[in-house]
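J.: Protein chains in written order, with full-length UniProt numbering: chain Z, 1 to 329; chain A, 1 to 329.
No wet-lab data here; the hints were simulated from the structure. Glycine is no exception: its CB is placed at the ideal position from the N, C-alpha and C atoms. One or more of the hints may lead you astray.
[What the hints assert, rightly or not] Per label pair, the in silico range of CB-to-CB distance:
1. Ser16/A x Asp101/Z: 40 to 50 Å
2. Leu45/A x Gln207/Z: 49 to 59 Å
3. Thr130/Z x Glu85/A: 21 to 31 Å
There are 2 protein chains.
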Amino acid sequence: MANATLKKIAQVLDISVSTVSRALKNHPDISASTKQKVMELAETLEYEPNAVAVNLRSKNTKVFGVMIPSITNNFYDSFVNAVEEEVKKAGYSLMILQSGDDPAIEIENLKIYRQNRVSGVFVCLSKETTNIDAFHKMKEANIPLVFFDKVPDNDAYDRVCLADKEAAEMAAEALLQKKKKNILAVFGNTQLSITKRRLDAFKKIMQQNTSVDVAYEFAGKSEEAESIAQRYFQLKKMPDAVFCMSDEILVGVMKCIQRLHINVPAQTGIIALSDGYFPGIYYPEITYVETSGYRLGKLACERMMECLKGKEETTELFVSSRFAEGGSL
Amino acid sequence: MANATLKKIAQVLDISVSTVSRALKNHPDISASTKQKVMELAETLEYEPNAVAVNLRSKNTKVFGVMIPSITNNFYDSFVNAVEEEVKKAGYSLMILQSGDDPAIEIENLKIYRQNRVSGVFVCLSKETTNIDAFHKMKEANIPLVFFDKVPDNDAYDRVCLADKEAAEMAAEALLQKKKKNILAVFGNTQLSITKRRLDAFKKIMQQNTSVDVAYEFAGKSEEAESIAQRYFQLKKMPDAVFCMSDEILVGVMKCIQRLHINVPAQTGIIALSDGYFPGIYYPEITYVETSGYRLGKLACERMMECLKGKEETTELFVSSRFAEGGSL
DNA sequence: ATGAAAGCGCTAACAG
DNA sequence: CTGTTAGCGCTTTCAT
Chain Z
1 MANATLKKIA QVLDISVSTV SRALKNHPDI SASTKQKVME LAETLEYEPN
51 AVAVNLRSKN TKVFGVMIPS ITNNFYDSFV NAVEEEVKKA GYSLMILQSG
101 DDPAIEIENL KIYRQNRVSG VFVCLSKETT NIDAFHKMKE ANIPLVFFDK
151 VPDNDAYDRV CLADKEAAEM AAEALLQKKK KNILAVFGNT QLSITKRRLD
201 AFKKIMQQNT SVDVAYEFAG KSEEAESIAQ RYFQLKKMPD AVFCMSDEIL
251 VGVMKCIQRL HINVPAQTGI IALSDGYFPG IYYPEITYVE TSGYRLGKLA
301 CERMMECLKG KEETTELFVS SRFAEGGSL
Chain A
1 MANATLKKIA QVLDISVSTV SRALKNHPDI SASTKQKVME LAETLEYEPN
51 AVAVNLRSKN TKVFGVMIPS ITNNFYDSFV NAVEEEVKKA GYSLMILQSG
101 DDPAIEIENL KIYRQNRVSG VFVCLSKETT NIDAFHKMKE ANIPLVFFDK
151 VPDNDAYDRV CLADKEAAEM AAEALLQKKK KNILAVFGNT QLSITKRRLD
201 AFKKIMQQNT SVDVAYEFAG KSEEAESIAQ RYFQLKKMPD AVFCMSDEIL
251 VGVMKCIQRL HINVPAQTGI IALSDGYFPG IYYPEITYVE TSGYRLGKLA
301 CERMMECLKG KEETTELFVS SRFAEGGSL
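Can you make the complete structure from the sequences, with help from the hints?
T.: Structural data, given as structure tokens:
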């Protein structure tokens, strides 16, 4: 007998709906005998509370939105994985919407979140987003927002980010320590704040050391990274190390390395910023500085929970980096 | 003025709630002038219907559940990606829950789906699931179920699957055509129905050709595949081709190939069953038979939509395979 | 063309 | 200890 309701139980037992409601919640007011009768009947009727009704009443859906450019991406995956794991403990579920890096869809999605009265939204901005007015509406609707990874340049919002600066610095220092002199550094889309932060930090370290040659290149996709690498490794003076800002770039560079049968680390060293999966699929494994989507997810959850508790001040939080020795440098 | 309601609009305009409701829906009964007034006010008040209330009333949440072992998996990703893309067109959203390959969590998750009165659930069984009684309850609750990939062995359910048989056959035939004589065939967890189907089909083709030597091995994870490959490639008589049942296995095998500096395809050929991303990251690119999570997602959606329209008979549907030449065979 | 009323399933203030 | 009542926001007969 599926889809039993409080009303049905009340009718069978000839008591009031509110008594049933309270009994099921183990309310102290209700007598033990009534409680038992109710509980038993609920059991046999396989009663399950209607979350939709509860939501309407309580004005709390216990659902978080997660908006990402695309779910087909290792980094966002592990973020989502962490968030799902974490919020489930508090009885929340996730409503995941992809923006496809399209600001118009992004706005659409926010509307869906509003209409569904989600308890909060985790958002990673699309590459194309420049105007964040649409996000103000969420504030007005009292829906807390926690931005992650691609975050707006605006102190009015809560943001959790990778420690891009720190990570890029660690990688740069590792390169210097290994006495690399002729480095190819491949970064991603220059539009992105994460690219800028990583680039600035990397450059800063490198500039302290004038004896090192660094070529800076930018690739939006794996294929571009591959052809950039191809170009550099065909020079008479091959790079003695490559820095890859992301997994996507690493994958492109490594394809070139395989194509040209370049020996790592003998002929050239490789270091990447990565979440950790891709560095492990190559031999030798790639040395990387961890930028963990998983830990970012956990941090974002912490922050979200604080928002729910009514924290007012917005902050920008960072996930620290970790150096992981592979064997490629 | 966020969170306007029909009631609020009605009060301001001094008309009834039902009129407002109708006006907003462009109901023919309502006069043009009233409609206009209502629409305008709704606009300025930034009225947005409360989906929760609508759901309660209509008993239709317009949310689908998606239950997968883990979201951190390329194949499920592309499945989810396709589903999200597709159902959005019909105004549905997704509630994704991970089972972590734990049957107990699976049951928990079903409960969450029931309580939230989702319109249907897409489910990929966990590796460990043997008893599917818990899924019967969903039927009783009138929540349609569409199983995908790891499906129960039970005709009472709707299932959409990869054409495992066909795909394995295509790969086997490609190996024969290339005159490979000493093949290492690595499959996944023997418990899984998908492993069985692929293995059976592959074996059947191979057995028709007695002059070919095939070693069958099984690996639960990438690392195991790697060490299996390692073992075989250290034999005096190296395999002249490797068949990889999945991306996970391919990744493991390729790591070994890199470690031992084996030349592909000169020294050994590689062929895989894959969704297409991983084969493309190696050089030469890996020849594979496509088993697309994306297309599976689309198919699953079609089936779900039919269920919603009240189709009674359950079916098992297959996504056809496609041969993709890489250069590794 | 519009309104009143009932109800989706649940909770909680108030009353007894 | 239990019941009555009201209401969350919306849709939909049924009247008028």
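J.: Hints first: check each against the structure and report whether it holds.
T.: Okay, the hints, checked on the actual structure:
1. Take Ser16/A and Asp101/Z: their Cβ atoms lie about 45 Å apart, and the range 40 to 50 Å holds.
2. Here the CB-CB span from Leu45/A to Gln207/Z is close to 55 Å, well matched to the stated 49 to 59 Å.
3. Under the hint 21 to 31 Å, the C-beta atoms of Thr130/Z and Glu85/A, about 25 Å apart, fit the expected range.
Checked against the numbered hints above, the structure violates none of them.
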